[in-house]
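**Student:** So you can see what is in the structure, the chains are spelled out below.
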Amino acid sequence: MAEANDYIKYIAGLAKLSLEDSEMQSLAADMTGIIGLMDTLRDLDTDSISATEHISKITNNMREDNPGTPFETEKIISNSKHGMENCFSIPKMID
Amino acid sequence: MDTTKLTIKEARSLLDSRKISVTELTRTYLDRIKTYDDKIDSYLSVCGESALEQASEAQKLIDSGKGEMLCGIPLSIKDNICIEGTPTTCASKMLENFVPPYTATAVNKLRAQNSVILGKVNLDEFAMGGSTENSAFKKTKNPFDTTRVPGGSSGGSAASVSASLALGSLGSDTGGSVRQPAAFCGVVGLKPTYGLVSRYGLVAFASSLDQIGPIGKTVEDCAIILDGICGQDPKDGTSLSYEAGASYASAVSGGIKDYKIGLPKEYLTEGLNSEVRNALYKSIETLERLGAKVEEFSMPSLKHAVPAYYLMSSAEASSNLSRYDGVKYGYRAENCRSFNELIGRSRAEGFGREVKRRILLGTYALASGYYDAYYKKALKLRTLISQGFDEAFSKYDVVLHPTTPETAFKLGQNTDDPLSMYLADIYTVSANIAGLPSISLPCGYDANGLPIGLSFTGKPLGEREILRAAATFEADFAPEFRVPVL
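Protein sequence lines correspond, in order, to chains A and B. Quick note: the first sequence uses UniProt numbering, first residue 1, plus one each step. Quick note: the second sequence uses UniProt numbering, first residue 1, plus one each step.
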């Protein structure tokens, strides 16, 4: 279980989820069962099968390069409480 | 007026013959929402004022003889489909205050026909779940039994139609999210062929699987809504270019004499509840009496559809949901001292538990060292499942199967058991994996009076075949059809 917790902690880091320890532990327990179901695929012999990334047969769906009307900046910024001078503010990144 | 059995087609006739005005019809639904939605909790937001304004505009068109099929028809919209200026929350704390700057193409098409939008309805957070219990805001109840779930993730859509709190609804279906709640709530749900309806403005969950679909009281109502929302869209590069042909609504007649229908043996598993199994066999007898030939066939890859689906959809979800970082829109954690803390805490505090599970699973499946064993393996299963259906449709006009292994379960019954929730998607996910159209409609009721769903799945762009099969069955089943008593 400790190993599972460590691994979920690693995956949560990749997924940018800052989980509390208690939540990490309960999610690790859930994930053990879920990954067990996914593991049922591992023994299937699919070496000769090609992968289908997307079911759509569409390739290079082209259209005329006509300029459209962009969204109004104010409207876009209005969804953030941290808009500033037509930009989004974030905590300082570089010391 | 009694709306409990009213269909879009009947409402059209009442509106066109001036037996009722659009405002009267809209007010009837708004009044019902006010009276009954406290019991059902299907709506997240009701747009009463704008609905009445839209009703007034629609009436002018009808009066001038310019009203189209959906003109003045009151509909609800799943709250992961954007409407400019109207909150679109995805039932998530993450988007609790999000107001989209644009409208989904499917909704624009409905509005172009002057449909009336009654409001936005509940769902599992980001459409992840099968009970609508994963909503951050409320738990929708099944109109047939309010101690039970309506299914999900389009539980608000299905419950609102079942309880006659809307004449029809738009849902979204990534692994059964239109069809499963339709089955649980005793209404009809249609997942169109991938690409038939634009995904522009549908908040992305798993982009290669997501598809907007209609929920209605009847097969014909679903066909009418589909006619209103389908078509290629330059704003969605995966939307299909196809020969339009006759309307989908016109495809419901003609019967199923000489139809060849296939039933996958792999779906007749131990997990299939006996009452659902009996309803399926009774339905087969009906279909044969109506002139179809039904036979079992084997498609071994279907046994692996659930893990393949969860790997693919979670991998895509983990990528799609990486956009929620607390910067441009969505929930933002307070008092963060660094950019990384802002992202990590905003996501941890803004997403609910099921969404976190899917993000973790998807990140795991895509992680270095696991990609081939999980994600790529799932993509190979997609090839096998698609090939299996290609072979099936070389022999059969449509494929028949139950929609769900069981009827609606009790609220809270499976909340702590995500694995059993995932396994219950066995009959619906394969249509999304292969991009096929599939429709669920009522075919019976269990001993508790809960609806049982029957599904027809078709070949790509085979909507007409499944609509015709479903409508023919529905006409025969009509004397047994029930509406919930609220």
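Just so you know, the hints here were simulated from the structure itself, not pulled from any lab data. A couple of the hints might just be wrong.
Unchecked claim - Chain A stretches covered by chain B per the calculated footprint, using a threshold of three residues with CB under 8 Å from any CB of chain B:
id: 1; region: 16-25
id: 2; region: 38-44
id: 3; region: 47-55
id: 4; region: 72-79
To be verified - Subject to a maximum C-alpha distance of 20 Å in a straight line, what follows is the list of computed SDA-like cross-link-like pairs (lysine to any residue):
id: 5; chain 1: B; residue 1: Lys235; chain 2: A; residue 2: Ile76
id: 6; chain 1: A; residue 1: Lys16; chain 2: B; residue 2: Cys336
id: 7; chain 1: B; residue 1: Lys235; chain 2: A; residue 2: His54
id: 8; chain 1: A; residue 1: Lys75; chain 2: B; residue 2: Tyr200
C-beta: ideal position from N, C-alpha, C; glycine also.
**Student:** Are the hints correct? Go through all of them and say.
**Tutor:** Hints, verified against the model:
Counting residues of the region 16-25 of chain A whose CB lies closer than 8 Å to any CB of chain B gives 6, so the stated coverage by that chain holds, three being the minimum. Closer than 8 Å: that is the beta-carbon criterion, and the region 38-44 of chain A has 5 residues meeting it against chain B, so the requirement of 3 holds. Requiring three or more residues with a Cβ within less than 8 Å of a Cβ of chain B, the coverage given for the region 47-55 of chain A holds, as 7 such residues are present. Counting residues of the region 72-79 of chain A whose C-beta sits closer than 8 Å to any C-beta of chain B gives 5, which meets the bar of three, so the coverage hint holds.
Taking the CA atoms of Lys235/B and Ile76/A, the gap is about 19 Å. The hint holds against a cut of 20 Å. The suggested pairing of Lys16/A with Cys336/B holds, with an alpha-carbon distance near 14 Å, which does not exceed 20 Å. About 18 Å separates the Cα atoms of Lys235/B and His54/A, which keeps this hinted pair within 20 Å; it holds. In summary, the hint linking Lys75/A to Tyr200/B is supported, as the alpha carbons are separated by about 19 Å, within the 20 Å threshold.
Every hint, counting from the list given before, is met by this structure.
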